[in-house]
Amino acid sequence: MRELEKIRFTRKNLPREEYFLSGHRGCQGCGEAVALRLAMKALGKDTIVACATGCIEIISSPFPETAWGVPWIHVAFENTAAVISGVEAALKVLMRKGRVPEKKIFCVGIAGDGGTADIGLQALSGALERGHDILYLCFDNEAYMNTGIQRSSATPFGAWTTTSPPGKKAKGQMTWKKNLPEIAIAHNIPYVATASPAYPYDLMTKVRRGAEVKGPAYVHIFSPCPTGWRCPSNLSIEVARLAVETGVFPLFEVIDGKWRINQPKKELKPVEEYLKLQGRFRHLDEETIKLIQKRVNEEWEKLKKKASLFPYEE
Amino acid sequence: MKRVALEGSVAVAEAVRQSNVDVIAAYPITPQTHIVEKLSEMVVSGELDAEFVPVESEHSALSVCIGASACGARAFTATSGPGLALMAEIVFIASSMRLPMVMVLCNRTLSAPLSIWNDHSDAMLVRDSGWIQVFVNNAQEAYDHVFLGYRISEDHRVLIPYMIHMDGFFLTHAIEPVEPLDQEVVDKFLPPYQPLYRLDPSNPITMGAFVMPDQYAEVKKAQDEALKASYQVIVEVWEKWGELTGRFYKPVESFYLEDAEYAFLSVGSYGEVAQEAVEFLRKKGKKVGLLKLRLWRPFPFEELRKVLMGVKALLVIDRAICPGGPGGQVALEVRSAFYKMDGPRVVDFIVGISGRDATPEDYVKMFEMAPELLEKGPEDYIIYGVKE
Amino acid sequence: MKLSWREIKPGAVITEPGSSRNLRTGDWRNERPVVEKEKCNKCGICYLFCPEGAIYETEDGYFESHLYYCKGCGLCAHECPQGAIKMVLEV
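Protein chains in written order, with my numbering: chain D, 129 to 442; chain P, 8 to 395; chain V, 658 to 748.
Only chain D is shown next, with the shape it has when bound in the complex (with noise of 0.2 Å):
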C-alpha cells in the first residue's frame, strides 16, 4: 500500500477550492458541515456524489438552490450505499464501451449515523461485499439530528435523546454505540478508518486515501452537534479533539485488514473532560461516568492488542 502513504494532505497542498458552498442551511457551528466541507475539498471536482436523506441532504438541497458544486444525487434514506453502486457500475460500463471518456471519478456515497447504521446497513453491507469502487463516508453525529434529535444506534451511551430522554427508568441511552468501523473491516475490504474534523489534515488525508484505492473504502467521520449535543456553537471542534484525546472516538486506519493508530497522544484523558462540555451528558450522575470511562478504557486495550497483532508496517 506504498502509494497510499504518498497521499497526505498539508498545509502546503491544501486545495483552496470549494465543494460544498456557502449558503448551506446548516446550523451555527455545525461540526458535520466542516467534516463534510474539507472531505470535498480532499475529493475535488472529479467527484460524483450519493447521498442520503438526512441533516447533510436537507442544508445542502432545498430546491432550486444547491450548495453542491459536484454532480450529486438524493434518492432516500437507505440506500445510499445502492445508488452509488448503480453510479459506479454505470461509469465501470459507460467507460468500457467508449460512451463516456475515460477518467478517474470518485464514486462517494455520504449518509449520517442513522442512513448507515439502522435502516442503511443492509445496503452499506451488500455494496462492500460486492466490492464495487466506491467510499462511504459516514458523517456521524450520533442521533438522527435532521428529525429532531432521536436516537439511533450510534448515539453513545448515556447521551440523552428525544427517544432516550433520561427518567426515572434509564439514564438515557442504555446501550453501547454500535460499531460500525468495526462492521466495515469485517467485511475485508481494502481501507477502513475513522476521522475528526478537529484534525482536519488528518480528515483530508484518510479521505483521499479512501477515494484512490481500489476498491470499497468506509471512513467514519465524527460530526459534532451542537444543537443536539447541547453545547455551544463555538465548541463543536473543541468537542471533536476531546473525543479523540479521550479515547471515546479513537483514530485509526485499516488498511487491507493491518491496522495504524494514529492517536496524537499515547496518553488517554479522563472522559469526564469530554462529557461535561455538553448538556445531553448533563444528567450522568458518577457512577455512568464510571462505567463509560471503564468501556472506554476496555475498547483502547482491545484496540492496541487489534493493531500489535496485525500492524501496518510502513
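Treat the hints loosely; a few may be bogus.
To be verified - Examples of chain V residues toward chain D, derived with CB under 8 Å:
| hint | residue |
| --- | --- |
| 1 | Asn679 |
| 2 | Thr682 |
| 3 | Pro738 |
To be verified - Taking lysine-lysine pairs in the PhoX-like style, the calculated list, with each CA pair at most 25 Å apart, reads:
| hint | chain 1 | residue 1 | chain 2 | residue 2 |
| --- | --- | --- | --- | --- |
| 4 | P | Lys195 | D | Lys225 |
| 5 | V | Lys666 | P | Lys227 |
| 6 | D | Lys422 | D | Lys297 |
| 7 | V | Lys659 | D | Lys140 |
| 8 | P | Lys227 | P | Lys313 |
| 9 | V | Lys659 | P | Lys228 |
| 10 | P | Lys294 | P | Lys228 |
| 11 | V | Lys659 | P | Lys235 |
| 12 | D | Lys225 | P | Lys45 |
| 13 | D | Lys393 | D | Lys430 |
| 14 | D | Lys432 | D | Lys418 |
| 15 | V | Lys666 | D | Lys173 |
| 16 | D | Lys422 | D | Lys432 |
| 17 | V | Lys694 | D | Lys140 |
| 18 | P | Lys45 | D | Lys220 |
| 19 | V | Lys699 | D | Lys140 |
| 20 | V | Lys659 | P | Lys227 |
| 21 | V | Lys666 | P | Lys228 |
| 22 | D | Lys225 | D | Lys140 |
| 23 | D | Lys306 | D | Lys422 |
| 24 | D | Lys430 | D | Lys296 |
| 25 | P | Lys294 | P | Lys195 |
| 26 | V | Lys696 | V | Lys743 |
| 27 | P | Lys235 | V | Lys666 |
| 28 | D | Lys306 | D | Lys231 |
| 29 | D | Lys220 | D | Lys296 |
As the list claims (entries may be wrong) - Pulled from the structure, derived: some chain D residues nowhere near chain P, Cβ distances all over 12 Å:
| hint | residue |
| --- | --- |
| 30 | Phe137 |
| 31 | Gly172 |
| 32 | Phe234 |
| 33 | Ala255 |
| 34 | Gly276 |
| 35 | Gln278 |
| 36 | Ala314 |
| 37 | Pro318 |
| 38 | Lys342 |
| 39 | Glu366 |
| 40 | Glu395 |
Honestly, the hints are just simulated from the structure, not real lab data.
By construction, the Cβ of each residue, glycine as well, lies at the ideal position given by its N, Cα and C atoms.
Go by the hints and put chains P and V onto chain D.
Just chains P and V, lined up with the frame of chain D:
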C-alpha cells in the same frame, strides 16, 4: 426472422441483451428468477456487455438502477409480488425523478398468505406510481415491449420509466413461439441512450433536491402532465413498431366488438383464454366481444370510450381485489371512464386470484351469469368460482 | 419568486451548482468575528474550521470572514491559537 420456441423469461432476457443494456440489478424472486439467471449467464459468457449487480434486496435493485440511469446508463430490473412491495418506495421515486429504465414485473400475489402464483395485486400496488405501465399477453409481446420500453422512456419528450406487466408462470415459464428480431433492426430502432441530464463532473447538477409546499404541487403537476403527454409518443412509437414488424400494438385492442352487446374486458394473459370463449359464443350466435386493455398508465380514456360506447355491458376480468372497496381496480377505472355518460353497465368479475385457472368454460359461465348482474353496484363484485 | 409547473426541469433537477450562495446566511448571526491583525500569524486554522467556507485569504495572506455568509458561530475565534479573533455583538 424465423420463429423459435422460447420460455417467456428467456425471451425477455434476449430482448434485454439485444437492447445492449448497461446495468442489470436484480434480486431473485419466484417467478422472475429465470430472467435474471439467463441474464447473468449472458453477462458472464460475454454475450452481453453489462454490469450485473447481484444486489441484496429489491429495494437496492431499483436504487442501483436509479444511480445507473442518472449517469446515462441503460438500466434493467425485474421483480415480482412481495419484491415489488419492498421496492415500492423507490418505484415512486424513479418516476418522480424522471429517470428512464425498464422493469419487467412478473405479476405475483402479494402476501399474506405467501403464494408464488400469479395475479395483479402487485401491479395494483404501484398503480399510482407514475410509471408508464403496459400489460402483455404472451411471450412475443413481452419481448417486443422491452425494446419499446427503452425507446419510449428514453425519448426526451417522455423521460418516464416503463413497467411491463407479465403474468408470472403463465408467461414467464411457458414456452411459446417468438419471432426474434435481427440485431441490425434492433440497433436501428433503438439507438444508444442519450440522457437529457446526467451526473457528470464537467456539468455538476443536483438531482433529488427536497421541495417545500409552496412549490411541490408544481413539480407534481409537471410530472402528471408529462405522463399524460407520453400517450402521444407511446402511440407513435407503437405505430412505428407495427410498420417494422407487422405487430401493431394499441392502447386498447378490440375483438368482435362491432355489434357486441356484451364484452369481456381483460388485462394480461387471461384475455387470451377469454378470447377462445368469445369465439365459441360467437359461433353460437351470441353478440359478445372482447376488449384487451394493454396500456394501463396513462389510462386510455378516449380510446376506451370510443370503442365501447355502444356496448350494453362490460364483463371486466379483474385479477386483484380492492378489499372493502369497489371490487377490482380495472372495473373501477373503466366505470369512471363512462361517468355521466350513457355508457355500458360494468359487471365486475374477480378472476384467477393467485393463479387459479379460468378455462373458456368459466368465461362462458360468466357470460351466462351477466344478465342478472347488470343492475349491481360497485360494491357487488363477484369473486368468480370462490368456494362458498 | 416561485416557478410555474412549466418552468420546472424534469425531476426538479437543479442545474446551477452552488446556487445556495444566493442566501444571505449572514442574517442569522448575533455576533461577528473581528481579527486583530497584529496577533494573527496567518496559520489559516480559522479558514479550515469555518463550517460555511466564509473565511477567505486576502492578498496579504491574512484571513477575513465574508460577512454575507458568516453565521457568527464563533468557531474561528475559539480555535484561533493566537487568540487573534474576538466575537463582537452585532448592533
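Fill in: Structure versus earlier hints, numbers of those that do not hold, lowest first
Structure breaks hints 3, 7, 8, 10, 22, 24, 25, 28, 29, 31, 32 and 33.
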